Each structure stands twice: as structure tokens, then as C-alpha cells.
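Colleague: If you read the sequences in order, they're chains W and Y. Counted the way the working numbering counts, the first sequence spans residues 1 to 304. Counted the way the working numbering counts, the second sequence spans residues 305 to 609.
Incorrect hints may appear among the rest.
To give a feel for the contact side, a few chain Y residues facing chain W, derived at Cβ under 8 Å [to be verified]:
| id | residue |
| --- | --- |
| 1 | 442 |
| 2 | 444 |
| 3 | 462 |
| 4 | 493 |
| 5 | 511 |
| 6 | 512 |
| 7 | 570 |
Computed Cβ-Cβ distance ranges for the label pairs, DEER-style [stated by the list, open to error]:
| id | chain 1 | residue 1 | chain 2 | residue 2 | range |
| --- | --- | --- | --- | --- | --- |
| 8 | Y | 493 | W | 214 | 38 to 48 Å |
| 9 | Y | 490 | W | 83 | 26 to 36 Å |
| 10 | Y | 507 | W | 58 | 52 to 62 Å |
Facing chain Y, from chain W, some residues (calculated, C-beta under 7 Å) [to be verified]:
| id | residue |
| --- | --- |
| 11 | 19 |
| 12 | 84 |
| 13 | 142 |
| 14 | 148 |
| 15 | 243 |
Keep in mind the hints are simulated off the structure, nothing from the lab. As the structure is a computational prediction, the values presented were derived from the model and not from experiment. Where a beta carbon is used, it is the ideal one built from N, C-alpha and C, also for glycine.
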Amino acid sequence: MGRYIIIRVFQTFVSLIGLSLLIFTLVRMSGDPTTLMQNSAMTPQDIQNIRESLGLTKPYPVQYLIYMGDLLHGDLGRSLVQRRTVSSMLSVALPNTLALAGWGFIVAITLSLFLGVVAATHRDSWLDNGVKFLAILGQALPSFWVGIVFIFLFAVKWPVLPVSGPGGPAHFVMPVATLALFILPGVLRLVRSSMLDVLDSEYVKLARIKGVPERVVIWKHAFRNALITPLTAAGAIFGTLIVGTVVLEVVFAWPGLGFVDITALQGRDFPVVQDITLLVGVVVLLINLMVDISYAYIDPRIRY
Amino acid sequence: MIQAKQELATVTIGAGPAVLGQRRSARRRHIFLELNFVLPMAIILLLVIAAIFAPQLAPWDPLSQSLEARMAPPVFAGGTSAHLLGTDRLGRDILSRVIWGARISLVISLAVILITSTVGTVLAIVAGYVGGWLDGLIMRITDIFFAVPGILLAILMAVILGPSVKTLIIALSIVSWAPYTRQIRGEVLQVRESGFVAQAKIIGCSPVRIMATHIFPNIVNTLLVLATLFIGIVILAEAGLSFLGAGVPPPTPAWGSMVTDGRDYVQTAWWISFFPGLAIGLVVLAFNFLGDWLRDKLDPRLRQI
């Protein structure tokens, strides 16, 4: 067990280095980031000064070490467009994103667990087909379009909900519903297929033969074990959640990370975009690490 | 004891109708399967025809603006037959732009699928067959690309390189090769252990030859299924990026950016966003169904994906 955890932590550490290297390389791919900072009023000397102050005249490995050193000190750099540090921008946006993503996650997980179990226990019935249909639609329809259709239906045609922006609980309904529909299909499929596998296992058959009531068989014996597969996909689910949130924040004018990211895209404000990408990547890697470690506790067969 | 036996008996008897039901549903699924092929193929054919013959099929120039015809509604919502699906805020014909958008969508997704499946497969075969530290290195790199949400990385690239069709193809390729590598490497590990690979080694085939002529043909089915399933995902990602302004720059008619065009006019002109979005949904639906159908035919082991 200890050996497994040490290897996993080391792997995650290597991946974190790799991730920072990847993002650093991508940003340097344009050659010189100062081309994005120039304006017509600058003299060549000004540009050279910017280069030197940013350390861009140094060799790439040294630049990378400086970049990593700053990151480890919590210095995420400054926005090129707004006269603020990136960390101050992110600390304002993060709570908004977490609120939206959190509710979307809760709704989507609750729904997909419930619907996944219902579909698996009523295999090939109209219920199962209905659930599959919902999953297929959620997977194919672009979430940003679904959001706009929701706005048209529930804010324009029948104005029962606010159009966009954050605010009271009513403001959450449409973004959360759209986000939930976006995350739902993947998790639903996992729950359904994992539940079908478990329902087919020997101990579930034994429980039925023993005369355990069907409700208990499904929710106590089968459901708990069927949860393990979706749990292992937690990192991927979080990634999907963030992607969905980024897109829908733009649709619903929600001032979170995605909104900041796209505003920065329009101003080609690369430090902001760079840090958001890094932040999300780091969180996904850490979630994967935690999942793997907790999984090793749950299932003693997992060993190196 | 007796009670248990009785219950066992009921369980066995109870299995009767269930088996019948399965058989019945198997027959139903068979017909459904064929529809699963015919309907998606019809939509994909329509897409390909629209993409190839866009200049001939589109009733208007997708870029021509018209002040008088701004925000004209579709024909079934009080509009005229001149603009069947209405016009946008610059008076451009939506139907023509949707048809031209098919070309953008198809060209970008096919280019990305071609690049990613080639790169992903080569890395997978090398990692799986050669093994050792090279395998470790390739799989660690794959892990990293799995960790960063593709859309964010693609937005970063659009910021760095500036949004363009070329940037979009590079960005989408960089973010979507990893699943091929992870999936196909697993297959390669199995094929590597088969007798014919050992025999090829014995008669002195070079590693490159073994990988190309003995391993590759055995993973082609998986590759085909993955590629088809990923077309839908790439089209959605392309549309998403274009919607966010990190994709095809205006005024080129891409479905995603057409949805953006109409976002601020939901109250007055819902059709600007509605039809391009519908086109994305239909095409993705078609490729997803086709991918599922192909998977059932060629490689049922991939069921979980």
C-alpha cells in the first residue's frame, strides 16, 4: 500500500512538471510574447526593456525555472489588459464558478445515479429507452445552443426565469439545468453499465435467492458496488464539468473563470488564460491522484 | 431449507419470461440496428453533399449582406421564400450560411481526425510494442493530455497563435490524440503476445515490419470505431470553440460562430442561433449513432466507451 501511494504521488509529480512544461512551451510557441504586448507608441528600446524585465532575453531553461519559481511562490503574473494580478482576478471569479459548477454537479450526479439505476433495473423497457434517449440528446446537442434555446423558451416566450447573470436562486435554474444536461450522459452511461454488471454478479443472485427484498438488493447490495466505476472517473467528470461551466458562463453572462477566460481571449491576455489552464489541469491531476489512492483502500487488489 | 428450495424454483421459473423478453428485444434491436445505420448515413450523406456542392446548393452568397433583408424571419414564421430559414442581423441568408458551414465543419473535423488518429496510433503501437521506458514516457505524456480539459488548452492556443482555421486544426489535434493512444495501446499489448508475432520475430522480421504488417492490421477495427466516434466529439469541440470566439474567425460561416451571432437577438430573431445549432446537433447525433453501430459490428469489446 505504502509503495503504491509513493509511486502514484511520484507519477503525479512528474505529470505536474510535464503539464507546466507543456503550457510553458505552448506559450513560447508564438516565439516572443512581447509581440502581444506591443502597441504603436512603443519604440524598439521599449520593447527591449519589456523583454529584459520579463526575463525573455535569458535561455529557455532559465526562463522555465523562473516561471516555476514564481508559480511556487504563488505569483501567477499580471494581466496584460487589466492592471491587476491574475490571482486577484481569479479569486473574484472562482467562487462564482464553484457555485455554478457545484450545483450543476449535485443535480447531474443525483439525476444520473437515480436514472442510471432505474434504467439498469428496467433494462430494455420504455423507461430504459427514455433514459438512453436523454443521454443521446445530451451528448449530441451543443450545450451553448441548449442554453440559448432555454433562454428563448423560459425567459422570452414564457418569461418565468431571469435571462442571465448571477443573482438569487432563480438565476441558477437555467445554467444549472443546462450544465446538468451536459454532464449527465457520461455519468449516466457509467452508472447504468456498472449497475448492469453488478446486478449480473453472483452475490446479487445469492441475495435474491436468500429472499432479500428487491429494493434492498438494488439499493444496498448492488448500488453501493456499482458506485465504484463512476468514482474512478471523477477526474474526467470534473474536467467535463469545468468545460461545460466555461462555455455556459459565456451563454449566461456568469462572471466566473470561463467568462474571465473568454474575455482574456478577446484581449489576447495570455497570462490569464495560461494560469486558468494550468489551474484546472493541476486540479484534475490531484483529483485523479486522490481517486487512485482512495480506490486502493477500497479495493485491496490494486497494487503495483 | 424447503423454503429456500421453493424460492430457487421460483427464481428458475421466473427466468422463463425474462429470457423470452430478451429474445424479443434482440429481434427488435436487430431492426433498430439497421435504422441505426440508415438514418445516420442519410444525414452524413446530406452533410457531405452540402459540403462539396455548397457553391451550387446555397441560394445566396453566404457573405453578402443586405440592409433591407435584415433579420427576416424563416418562411414558416411569416418570412418570404427568398430566405427559407430567414436572415441574420446583417441580412445574410441563414440557409446559405448553414450549407457553407457544413464545409468548414467537415474539413476541420476530417483534418483533425486524420492527424490525431495517425499520431495516436503510431505512438500507441510504439509504446505497446517496444515497451520499457519509452512506453512509460509516452503514457505519462498521454496522462498529462488527459488532465487538461481540451477546450481550455485550445483557447490558450487561440490566444497565442490568434484564431484561424489553421490554429483550430492544430489546437484540436493537440488536445484529442491521447484517447487513441490509451485505447489502442491496450489492444497492442494483447496482440503482441500472440503466436504470429513471436513467429515473425523468429523468422527475423524487423520491429518496424512487425509493427506495420502484423500489429497494425489487428488494431484497425478499433481505430475505425474510435475515429468515427470521435468525429462527433471533434465537431462539437470545433463548434464550441467557434462559439467562444477561439475558432473560425468571422465572417467565415461556421456553425458555432453563427450561434454566437444570434445570441444577443434571442428576443427578436431566434432563428439566427436556432438553425446552425440544430445542424450541429443533427450531425453529431448521426456520427454518434454511426460510431455505435460500427462498434457493435466491428468491435463489441469497446462497449464501455
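Colleague: Determine for every hint whether it applies to the structure shown.
Modeller: Hint-by-hint comparison with the structure:
no. : hint                         : verdict
1   : 442                          : 12 Å, violated
2   : 444                          : 6 Å, holds
3   : 462                          : 6 Å, holds
4   : 493                          : 17 Å, violated
5   : 511                          : 27 Å, violated
6   : 512                          : 28 Å, violated
7   : 570                          : 5 Å, holds
8   : 493(Y) to 214(W): 38 to 48 Å : 41 Å, holds
9   : 490(Y) to 83(W): 26 to 36 Å  : 51 Å, violated
10  : 507(Y) to 58(W): 52 to 62 Å  : 55 Å, holds
11  : 19                           : 5 Å, holds
12  : 84                           : 18 Å, violated
13  : 142                          : 5 Å, holds
14  : 148                          : 5 Å, holds
15  : 243                          : 5 Å, holds
Hint compliance for this structure: hints 1, 4, 5, 6, 9 and 12 are not met, and every other hint is.
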